[in-house]
Amino acid sequence: MTAAPAAAEAVARTHREEWARVVAGLARRFGDLDLAEEMAAEAFATAVERWPADGIPPNPGAWITTTAHRRAIDRLRRESRRDAKQQEAFMMHDDSPPDPVGAVDDDRLRLVFTCCHPALSMEARVALTLRIVGGLTVPEIAHAFLVQETTMGQRISRAKAKIKAAHIPFRVPEHTDLPARVGGVLAVLYLIFNEGYLASGEGSDPIRRDLTGEAIRLTRLVRELLPDDSAERGEATGLLALMLLTEARTAARVSRDGELVRLDEQDRGAWDRTLIAEGLALVRERVDAVRAGRARAGRYELLAAINAVHVRAPHARDTDWSQIVALYGQLERIDPSPIVTLNKAIAISEFDSPQVALALVDTLAGSLDEYHAFHATRAELLRLVGRSADAHAAYDRAIELAGNTAESSHLIRRRGQLATPPRSPQKEEAS
Amino acid sequence: MARYLLSVMGRQEYTEFYGYASADEMREAMAATEAFNERLADAGVLVFVDGLEEASTATVVDARGDEPLFSDGPFIEAKEGLNGLWIIDVPDLDAALKIASEASHVCRERIEVRPFA
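Line by line, the protein sequences are chains A and B. The working numbering puts the first residue of the first sequence at -13, with every later residue one more than the last. The working numbering puts the first residue of the second sequence at 2, with every later residue one more than the last.
This is chain B alone, in the form it adopts within the complex (with noise of 0.2 Å):
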């Protein structure tokens, strides 16, 4: 088995409902994610999954020297970037293609699939 990070892509700013145009469209993206969430957990190939807060609210920590130097902001600065992650464990890439595929189509969002070392 290999484990992949599928990364939900997106606008880095927030809108009011999320990435989404509407209330409407937000609450059946999340709905249509949930259950997909679920049938992955059944499924056992889940091992993780979560959405994130807005890139504005990220702090960058560099303790490389000798104290530690905290800054504001994303490491990035885009429009676009991380707005939320899956982490699958399923035997090939394939099966990880697969399965973000249907990701994608739940979400709204375009997803990159990338192996673990």
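With the rest of the complex left out, here is chain A (with noise of 0.2 Å):
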């Protein structure tokens, strides 16, 4: 092998496993965010000048430390801001040696908490958490969120603006304060994983892996970080369960020609037995965990035993119904909401009738107008008692309002599919 793509595979891997260390630990030593993931990317520039000349250098993650932090000093220096704060950092800071690894861990808590911060908006949190703590670009995230380059950096640059200005601050939590806000880095995290397995956009890819492999990465690190046996990691675990077993049925859930497959219908051969493993185990130790009595069910976790309950079923039809209605009921009382009652209509109609499923369904009319996913369901159930015209008009409302190119297809196919299409019959081909 040559250097030079062994050095951009070393400046990748270190890149991968230490831009949030290295961010972490800019941040706290400088109190402040902008210079810190300026000088961190700086220093992964230097290092790809200079690996392949100069060779990899034997512990990649301190050359990187060290080279932010004299950067930073440099910088600081030569924009001489005199302020007494940062006098102080150059006479404190000045060639001192990089952290030893295991105190900066906490370091990286404290940027998630700090990028997650509740009085950022949601769109700001999700931009800057995956900026700072997970390294994407700018023009990556913009992509991701089909959004111009411009207007991401903009946001981003207002949220560390606003982080500065209002001293935000740069700390784990206090001790009360903290089951709402992992809460929030949680729900942070998984709207960046829902946004890859569900990406909205015409022309857009139906599934990005960039941004659901981001967020398992995102959450895995989290959920090291957390203490042991607090209800915290607990749900984070639920989390990362949940994420792991979605994930794993990635292959078979977009056909050859880019349309939804439904769960009944996937070929369950192609999913990620590895990622199941794993998904499973964590799932395991949180159901003991309840059963101990050392922890309560959460929201993350029921869904991910609902996960679990399907992936464990060697064909659809082998799928444990009664304990999915279960689950939902019990989700449900935690977490009341119109989206989980209209998951357990589908599983109602399943384990009793589609009639059952679909009176329940219509009761949710109100406040599941606008979502797709509640005409598509409505489609579905009407389809099965035989009122095909009412189906047909279900199916319309769904396409219109579905984001995601591989859903509409899919849609558009199961229109087609029905007995007697009424009005303007828009045949579509079915492959």
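Worth flagging that the hints you see were computed from the coordinates, not collected in a lab. Accuracy of the hints is not assured; some may be wrong.
[As the list claims (entries may be wrong)] Residues on chain B that point at chain A, a partial pick, calculated with CB under 7 Å:
no.: 1; residue: VAL50
no.: 2; residue: GLY52
no.: 3; residue: ASP93
no.: 4; residue: ASP95
no.: 5; residue: PRO116
[Said to hold, decoys possible] In silico SDA-like cross-links for lysine to any residue, where the CA-CA straight-line distance does not exceed 25 Å:
no.: 6; chain 1: A; residue 1: LYS148; chain 2: B; residue 2: ASP93
no.: 7; chain 1: A; residue 1: LYS150; chain 2: B; residue 2: PRO92
no.: 8; chain 1: A; residue 1: LYS150; chain 2: A; residue 2: HIS161
no.: 9; chain 1: B; residue 1: LYS99; chain 2: B; residue 2: VAL61
[Stated by the list, open to error] Derived DEER-like restraints, expressed as beta-carbon distance ranges:
no.: 10; chain 1: A; residue 1: GLN316; chain 2: B; residue 2: PRO92; range: 36 to 44 Å
no.: 11; chain 1: A; residue 1: ALA147; chain 2: B; residue 2: PRO92; range: 18 to 26 Å
no.: 12; chain 1: B; residue 1: GLY45; chain 2: A; residue 2: ASP355; range: 50 to 58 Å
no.: 13; chain 1: A; residue 1: ASP196; chain 2: B; residue 2: PHE76; range: 46 to 54 Å
no.: 14; chain 1: A; residue 1: GLU3; chain 2: B; residue 2: MET31; range: 55 to 63 Å
no.: 15; chain 1: A; residue 1: ASP196; chain 2: B; residue 2: GLU113; range: 36 to 44 Å
no.: 16; chain 1: B; residue 1: PRO92; chain 2: A; residue 2: PRO213; range: 19 to 27 Å
no.: 17; chain 1: A; residue 1: ARG270; chain 2: B; residue 2: ALA118; range: 47 to 55 Å
no.: 18; chain 1: A; residue 1: SER107; chain 2: B; residue 2: SER23; range: 32 to 40 Å
no.: 19; chain 1: B; residue 1: ALA118; chain 2: A; residue 2: PRO125; range: 29 to 37 Å
no.: 20; chain 1: B; residue 1: PRO92; chain 2: A; residue 2: ASP92; range: 15 to 23 Å
no.: 21; chain 1: B; residue 1: ALA44; chain 2: A; residue 2: ARG64; range: 35 to 43 Å
no.: 22; chain 1: A; residue 1: GLU65; chain 2: B; residue 2: GLU113; range: 28 to 36 Å
no.: 23; chain 1: B; residue 1: MET31; chain 2: A; residue 2: GLU65; range: 46 to 54 Å
All values reported here derive from a predicted model rather than from experimental measurement. C-beta atoms are modelled at their ideal positions from N, C-alpha and C, and glycine is treated no differently.
Two independent chains are provided; combine them into the complex using the hints.
So, in structure tokens, the structure goes:
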């Protein structure tokens, strides 16, 4: 192997493994997130230039940290912003060695809490977390969320400016605030995952593994950083399990023609068994904790448990629907929402009858009329009870509202397969 | 330490009982607010606190030109706006948000938290 590819590989690996640690260390030391991010980026850019010629340093992470710290100090000197704080920064930290690895883990957690602070808008939290903790570039994030690079750049700059001006603290929240704040962090990660799992926007890839992969990586990180046996870590475990069991089905979820494939029609042989094994082990860990009275079942782990029932069934017909109905019932009790009830109705249709499910779904019309999945579910149930004309209208509405290309294709095909297409018969070819 | 302006946002047109629905409600909120203010002062974080008269009592002054111009009314005509304020001095935004949450609860209005430069 020549030096250049090996060096490029080393830079990429170091970036993946060390980015958050480097930014977190700089942020703590200089109290400036903007400076931390820029200097970390510069240090990696320097590595790209230097490592192919000079060779890969024995400790790449430490090399990046030292380089970034030197850059930061140079920058502060050059700008000679002589306020007391930065003067102090020179004196205290000039040429000091990088932190030992263990000590900065806590800094990464601080970084996550800062980026997911409730005083920031949800879209700012998502963007900032991907940039500052995940190390994705602004163009990458802009592409993932289908906004212009300048727009995304401004969103991130504005969020950083607010953090600085409003003194959003760089620390782990107080004990009493921790459950709510961890909940907020997990919500951001789940949103990133879901955007990747069912990407919105015309002409976009229906599944963005860059986003789902990043969400999983960050959730792993947050989980590892939270204290063992804490309720917060339990929640993170539940979310990680949910993501893994969902991600495991990716290859089977979209057909070669770019159409979404329903769970019962998926090729289960194409599911990723490694991810499933890991996800199931995490679900078991949570179930054991709840059974032993050490924890209460949370939202994410109940969703993970539902997914676990699905992946355990060798064929769709083997699915234990009674257990799924029961799990949705539990979810309704701790986190009631029309969407949870909608999903329970799907399980009821299998376990009981489509008539019973349809009656339940119809009670949700008031709150879910703008939600594509409501109309898609209703369409399927109407089809099952033989009300083709009503089903057709429901598919129309679902297609109108669906933002995901693979999902629309699926709905169009389902609509095309109805017994008696009424009104203007739009015959899309069913594959 | 950082200073924050906590703005009490509510109806610009006061009812008989300021913003409150009844005399009782007004008395309760004021008593609770006063007790809260004392706690802030004791904790050493209170810089200033007071309520404002109705927005319609405001006068706008413009002396950017040679002669000062006076005009009646608030600077921005709106249904809702500033009715009172706290200025606090605390370590960071988390501390400010905690105090603002209590403030909103005792005075029964929404609070805008904004840092001083």
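Structure-based check of each hint:
For the restraint placing VAL50 (chain B) at the interface with chain A, the shortest Cβ-Cβ distance is roughly 20 Å, beyond the 7 Å limit, so the hint is violated. The beta carbon of GLY52 (chain B) comes no nearer than 25 Å to any beta carbon in chain A, farther than 7 Å, and the hint placing it at the interface is violated. Interface hint status for ASP93 (chain B): upheld, as the beta-carbon distance to the closest one in chain A is roughly 4 Å, under 7 Å. For ASP95 (chain B), the suggested interface contact is upheld, since its CB lies about 5 Å from the closest CB of chain A, less than 7 Å.
The interface hint given for PRO116 (chain B) is met, as the beta carbon of that residue sits about 5 Å from the closest beta carbon of chain A, less than 7 Å. The suggested pairing of LYS148 (chain A) with ASP93 (chain B) holds, with an alpha-carbon distance near 12 Å, which does not exceed 25 Å. Pair hint LYS150 (chain A) plus PRO92 (chain B) holds up; C-alpha atoms about 13 Å apart against a cutoff of 25 Å. The straight-line distance between the Cα atoms of LYS150 (chain A) and HIS161 (chain A) is roughly 24 Å, inside the 25 Å bound, and the hint therefore holds.
Only pairs whose Cα atoms come within 25 Å are accepted, and LYS99 (chain B) paired with VAL61 (chain B) is rejected, the gap being roughly 34 Å. A beta carbon spacing of about 41 Å between GLN316 (chain A) and PRO92 (chain B) agrees with the range 36 to 44 Å that was offered as a hint. With their beta carbons about 20 Å apart, ALA147 (chain A) and PRO92 (chain B) fall inside the hinted range of 18 to 26 Å. Checking the proposed 50 to 58 Å range against GLY45 (chain B) and ASP355 (chain A) shows it holds: the Cβ atoms sit about 53 Å from each other.
Distance hint check: the CB atoms of ASP196 (chain A) and PHE76 (chain B) are about 48 Å apart, consistent with the given range 46 to 54 Å. A hinted range of 55 to 63 Å holds for the C-beta pair GLU3 (chain A) and MET31 (chain B), which are about 57 Å apart. Hint check: ASP196 (chain A) to GLU113 (chain B), Cβ distance near 38 Å, so the stated range 36 to 44 Å holds. For the pair PRO92 (chain B) and PRO213 (chain A), the beta carbons lie near 24 Å from each other, so the given range of 19 to 27 Å is met.
Between ARG270 (chain A) and ALA118 (chain B) the Cβ separation comes to about 53 Å, which falls inside the hinted range of 47 to 55 Å. At roughly 37 Å, the beta-carbon separation of SER107 (chain A) and SER23 (chain B) lies within the given 32 to 40 Å, and the hint holds. Range check, ALA118 (chain B) to PRO125 (chain A): Cβ separation about 32 Å, and the 29 to 37 Å hint holds. Checking the proposed 15 to 23 Å range against PRO92 (chain B) and ASP92 (chain A) shows it holds: the Cβ atoms sit about 19 Å from each other.
At about 41 Å, the beta-carbon gap between ALA44 (chain B) and ARG64 (chain A) stays in the expected band of 35 to 43 Å. The given range of 28 to 36 Å is respected by GLU65 (chain A) and GLU113 (chain B), whose C-beta atoms sit roughly 33 Å from each other. The given range of 46 to 54 Å is respected by MET31 (chain B) and GLU65 (chain A), whose C-beta atoms sit roughly 50 Å from each other.
Hints 1, 2, 9 from the earlier list are contradicted by this structure; the remaining hints agree with it.
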